[in-house]
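Q: All chains should be built: construct the whole structure from the sequences, respecting the hints.
Note that the protein sequences, when read in sequence, are chains A and B. FYI, the numbering for the first sequence is 1 to 81, going by my numbering. FYI, the numbering for the second sequence is 1001 to 1338, going by my numbering.
Source of the hints: derived by calculation from the structure; they are not laboratory data. Hints may contain errors.
[To be verified] Straight-line distance between alpha carbons at most 25 Å, and here's what the computed DSS-like set of lysine-lysine pairs gives:
1) 69(A) x 1004(B)
2) 36(A) x 1308(B)
3) 15(A) x 69(A)
4) 1218(B) x 1055(B)
[What the hints assert, rightly or not] Which chain A residues face chain B? A few, computed with CB under 8 Å, are given here:
5) 41
6) 43
7) 44
8) 45
9) 50
[Said to hold, decoys possible] Residues from chain B that keep clear of chain A, each with C-beta distances beyond 12 Å, as calculated:
10) 1002
11) 1059
12) 1263
13) 1281
Source: prediction; values computed, not measured. Just so you know, even glycine gets a beta-carbon here, dropped at the ideal spot from N, CA and C.
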Amino acid sequence: MNVIKVYGSGCANCKRLEAMCTEVIQENNFDASIEKVTDLQEIMKTGILSTPGLEINGKMISSGKLPTKSTLVHWIQDNIN
Amino acid sequence: MQNKILILSVFILLWILIYLNLNALTDFIVYSIIGLEKHTHLTNAIWFFIFEVPKVLMLLILVVFGVGIIRSYFSPERTRKMLGGKSLFAGNVLASSLGVVTPFCSCSAIPLFLGFVQSGVPLGVTFSFLIAAPMINEVALVLLFGLFGWKTALLYASTGLLIAIIAGYVIGKLKLERFVESWVYETKAKQVEFIEEKILFTERIDTGIAAVKEIVAKVWIYIVIGIAVGAGIHGYVPENFMASLMGKSAWWSVPLSVLIGIPMYSNAAGIIPIVQALLEKGASLGTVLAFMMSVIGLSLPETIILKKVLKIQLIGVFVGVVGLGIIIVGYLFNFIFA
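A: This is the structure:
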C-alpha cells in the first residue's frame, strides 16, 4: 500500500493540497492512502520549514508549495509502486 | 517560450498606456458618461473611487507579479542555509532582508521558527526574519506608492527593515533562549534536502501569474471596500477634521494608534485606503504609519500561534520591542514632516 502524507496544521493551502491528492488518486485509480498530519512535533521531525509538506512513501517531495495538478500527478506516479 | 515573453511584453505595454491615462479616463467616465456635476461632494467621492480602484489594482497586479518572480529564486530552506552560523548583527541584517523576499505565509511561522532555531540560527536572527516578513509587505508597498508616492513607500520599507534588524538584535542580546519551550531544542529534526531543479524563466513567469491570482483574489474585495470608505471620507468629512485627534500636536496619538492597531487584524489592502483618507483630513503621517505598521506587523493571531513554542515572557518582549520601534518611527515621521 502506498502512503501519501500531507503535513500541515490547517492552513488553506494544506487543505487544498490534501483535497488535490484525493482527487488525483481517484481520477487515476492510484493505489494509495492519504494521511493528514497536523501534530506540530510530528511536522517538525520531518525537517520541513513551511507547510504544506508532501511525503510519498517516506520520501519528502515538496514543502510550502501548492503544485499544479499535472505536477502532482507526476510526483505521485513517479513515487508509488 | 518566445510566445509567453511576447504576450508578457504586450501586456506590460498596455498596462503602461492605461495607467498613464487613468486620470483622463476617469474624467471621461465621470463627467461625460455618467454626466455628474463638477465639485459636489458626491462627484468628488465617485471620482475618487473610479480613479483609485483600477489604479491600485493595476499597481497590485504588476508588483505582485514581479515579487512572485523574485520569490521564485528563494526558499525558506535556502534562506536557512544562508543564515546558519552568521554573527549577531550581520545575521540580523541578512535575516531582515531575506524576510522580505523569501516566500512565507504566516501559517508556516511555527515550522519555520522551529526549523531555524534547531539548525542553529540564533534566536535574535530568527526574530529579525519573523518581524520583517509580515511587516514589509508588497501589498502595503504598492498602496503606499500608489496613494502617497515613492518617498513614503521607501521610508516605510527602510524603517520597517530597521525595526526588524534592531528588534532582532535586542532580542538576541537579551539572551532569551530559556523562554523558548524546552521541547523545541529537544526535538531532533531530519535534514531534508530537496533536489534543486533547474527552473526555466517561463516557469518563473507562471509562478508570478499564480501569485497574482492568489493574492488579488484574496485582497481585491478589501481594496474596493477600503477605497469606498476612503472615498466617503474624501468627499464628505471636513478638512482638518482629524487634526486634533491624529494630528502632530496630539503627542499621545502615536502610542495610542499602536495600542489600537496591535489587536486589529486586517491586511494592508484594507487599511491603507482608509489611512490615506484620514491623512488627507489632517491626521499626521507618522501617526498613521505607526497605526498601519502595528496592524500588519504585529497581529494577535500570529502571537497566539507563537504561544505554542514561546513562553509568554518572550512573546511579551517581542511585542514590546517591536511596538516600541513602531512608536519611535511614528514620532520620527511626525518630526521629519513637521
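Q: Once the shortest beta carbon distance from residue 43(A) to chain B is found, is it less than 8 Å?
A: holds, 6 Å
Q: Going by Cβ atoms, does residue 1263(B) stay more than 12 Å from chain A at every point?
A: holds, 22 Å
Q: Run the C-beta distances from residue 1059(B) to all of chain A and say if the shortest one exceeds 12 Å.
A: Nearest chain A Cβ is 25 Å from residue 1059(B), so the label holds.
Q: Minimum Cβ distance from residue 45(A) to chain B below 8 Å?
A: At 6 Å from the nearest chain B Cβ, residue 45(A) passes the 8 Å test, so the hint holds.
Q: Hey, residue 15(A) versus residue 69(A), does the alpha-carbon distance stay inside 25 Å?
A: Holds. Residue 15(A) to residue 69(A) sits at ~14 Å (cutoff 25 Å).
Q: Is the claim that residue 1002(B) lies outside the interface with chain A correct, judged by CB distances over 12 Å?
A: Fine: 22 Å to the nearest Cβ keeps residue 1002(B) off the interface.
Q: Once the shortest beta carbon distance from residue 44(A) to chain B is found, is it less than 8 Å?
A: Residue 44(A) check passes; min Cβ-Cβ to chain B is 5 Å, inside 8 Å.
Q: Holds or violated: residue 69(A) and residue 1004(B), Cα atoms, limit 25 Å.
A: holds, 21 Å
Q: Going straight from one Cα to the other, do residue 36(A) and residue 1308(B) come out at no more than 25 Å?
A: holds, 20 Å
Q: Taking C-beta pairs only, is residue 1281(B) more than 12 Å away from all of chain A?
A: holds, 37 Å
Q: Please verify whether residue 1218(B) and residue 1055(B) have alpha carbons no more than 25 Å apart.
A: Distance of about 17 Å is within 25 Å: holds.
Q: Holds or violated: the hint that residue 50(A) contacts chain B, with Cβ atoms closer than 8 Å.
A: holds, 4 Å
Going through the hint list in order, the structure satisfies each hint without exception.
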